[in-house]
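**Student:** Starting from the structure of chain A, add chains B and C where the hints point.
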Amino acid sequence: MVDYDLRLLLERLRNEKPLVHNITNYVVMNFTANTLLAMGASPVMAHAKEEVEEMVSFASAFVINIGTLSEHWIESMLRAGRKANELGVPVILDPVGSGATSLRTKTFRQLVKELKLAVVRGNASEILSIASDAIKTKGVDAAHDPEQALETAREVAKEIDSVVAITGSVDLVTDGEKVIRCYNGHPLLGSVTGTGCAATTTIAAFAGVTKDPLEATSAGLAFFGLAGELAGAKVKSPGSFMISLLDALYEITPEEFLEKARLEEV
Amino acid sequence: MVDYDLRLLLERLRNEKPLVHNITNYVVMNFTANTLLAMGASPVMAHAKEEVEEMVSFASAFVINIGTLSEHWIESMLRAGRKANELGVPVILDPVGSGATSLRTKTFRQLVKELKLAVVRGNASEILSIASDAIKTKGVDAAHDPEQALETAREVAKEIDSVVAITGSVDLVTDGEKVIRCYNGHPLLGSVTGTGCAATTTIAAFAGVTKDPLEATSAGLAFFGLAGELAGAKVKSPGSFMISLLDALYEITPEEFLEKARLEEV
Amino acid sequence: MVDYDLRLLLERLRNEKPLVHNITNYVVMNFTANTLLAMGASPVMAHAKEEVEEMVSFASAFVINIGTLSEHWIESMLRAGRKANELGVPVILDPVGSGATSLRTKTFRQLVKELKLAVVRGNASEILSIASDAIKTKGVDAAHDPEQALETAREVAKEIDSVVAITGSVDLVTDGEKVIRCYNGHPLLGSVTGTGCAATTTIAAFAGVTKDPLEATSAGLAFFGLAGELAGAKVKSPGSFMISLLDALYEITPEEFLEKARLEEV
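Protein chains in written order, with the working numbering: chain A, 1 to 266; chain B, 1 to 266; chain C, 1 to 266.
Same shape as in the complex, but just chain A (with noise of 0.2 Å):
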């Protein structure tokens, strides 16, 4: 168990219904806003250099998602990067394909380099992808073995500097030094696209409502999961799971997400 009020987290959510900036990749733009509106978010997509440093400046939480990424965007991403940083919006990165290519391994760089990040989110490989050579090393067992997975998450959280959130069949999230996990989640997750980003813009949407990045990530993934849980429980084949995913968003009660969220610390 953890001592976080995730009923109180997720009242506030509904009540003050943060403002989610997200430049993010084009195939999951929709799901990604109909997820942070059925959960009682409110989502924009602003990309032009010309106009990101305005748009994050009414935001309450920026997601930084490099899943169909192009040179020009990078550009975008660092003006209002830097704007959030200095304004003190959280902002919370999806290294997506991380690893699998080098312009997006160089850009996973160069993100942590020139901005604060408060959260990243990604799967072991991704986040493997950033960890100097002595961590990856120990990273190459971690598939296997979970212990060393958490330790790999832990170094790589101290490393950059961020909460890190290593996501799997159980999610690892840590600061560095506590570690939390969360066992909320369903199989069918897997058979959707984008949903890796939507827990990514479901964290920072509770970002938006707690000034603790590790209280959001943690509860922004219990509260993804379990509405894969809720859907999960319901229907059985990928579309519908996706629709009965986007309600259950919606219908979770704060009681129900205090009661059902699987969360430890370890």
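Because the hints were derived from the structure by calculation, they are not lab data.
Be careful, since some hints might not be right.
Because identical chains cannot be distinguished in the list, a pair is counted as satisfied if it fits within a single copy or across any two copies.
Listed below are the simulated DSBU-like cross-link pairs for lysine-lysine, each with C-alpha atoms no more than 35 Å apart in a straight line [said to hold, decoys possible]:
1. K17 - K136
2. K234 - K136
3. K49 - K234
4. K211 - K236
5. K83 - K234
Everything numeric in this text was worked out from a predicted model, so none of it was measured.
**Tutor:** Coordinates of chains B and C only, in the frame set by chain A:
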């Protein structure tokens, strides 16, 4: 009551399947295309400056939506818009986010100045962003006082020489003289991304089958709002609602449209 | 009947989860990715010229779709296509809108000239847009006379040295010699955007598990068409149909595929 023959209008739409060319934002492209297909119209999305003039020449109506604007798309909007004006293809504008950033406000002004727009649809703050300062001052009150909003909409319509639709819990449509209220709609429309944009493209589809932009706008908003009502009568959460809305756009018969449209001339 | 082992083919697809790299249009990116995930394949979307060669080298098949073409994407299509050719990764082309604008027709010609295409899938007018004038003349009749369409498809396949699929109420697949008809499908597929594009990516997924492009194309169209039939047997409107279609792609077993595929060698 208004004296539009809504039954005939929907029959014509279903028979003629008007082609609507959209230069719209990334978030809503898929939902916009599905909205048009579901109601019986034909969508095309094309934004390259090399082809937009050719593409718009096949179209019965042309939509410009600035929801994920970037500089190099503006030239395409203008090129296609000028060609549409030359050919008599009605141009429908959705100034998403105008007023929020200067890029968008500036682009809205430029489009109004350089093109003959048949219809502009937005929420109150988007529409007010184009108004002269005298109107804007009154517009501040408009959010609270429906009668003031009505007066403001009328003055903006005169100022920009287009039919103007301000959508909200009740929609207002005006050409600067006549004013029509549309009472169709449902609160869940606010929990699905792109429903405003979809209402705009629905107006465009009707503009493809009548030469009267006031009629097209009123019919489009009533039709889309009615689909929302029918969806909201079946389901209670936004994922299912989005799907049920597409179903309703397909299922509404000309008779049902005539019977359930709630348009009133003020 | 054809002598393909469809049961084995689908089993292989489900086991191997072939990675399909798509450079496709904005409208259908999300639906394309969900189509691949639902059937059991793995999608990746990447279009930046800096990374497409790296990305395609991981892929089992590569899709080029020109549905929202702009000039600077063409270079990426060519780069990735050349790399795919070099590595023996099959390239599947969907020439959306070719024939409608000169940008698209010109691009279709350029792709055919510069790349070795395994399969080209389009509707009759898209396919005809590439043909020499002699074939086009006959193609005018093809819309009315199925036997003429068959002859035209065969001649285009020879001319461009690819498997060609002309999809419609009955689909035709040919390598210029053999001709296969596919009878699976459902009229509601025409009321959902991106179903043609999704059929193309389904062909690509099968091309990731068989080296015979005629087999991959026939299997892909039969599988996607069958999913449409099963969805259409459950629901009657396009929103629900789109979701039910994704469900069916996930639910069809190898046995059911073998039993219900309706392919016929002419």
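**Student:** Each hint needs a verdict: does it hold in this structure or not?
**Tutor:** Results for each hint:
no.: 1; hint: K17 - K136; in the structure: between (39 Å within a copy, 26 Å between copies)
no.: 2; hint: K234 - K136; in the structure: neither (40 Å within a copy, 50 Å between copies)
no.: 3; hint: K49 - K234; in the structure: neither (43 Å within a copy, 43 Å between copies)
no.: 4; hint: K211 - K236; in the structure: between (37 Å within a copy, 33 Å between copies)
no.: 5; hint: K83 - K234; in the structure: neither (43 Å within a copy, 44 Å between copies)
The structure fails hints 2, 3, 5 (numbered hints given earlier, in ascending order).
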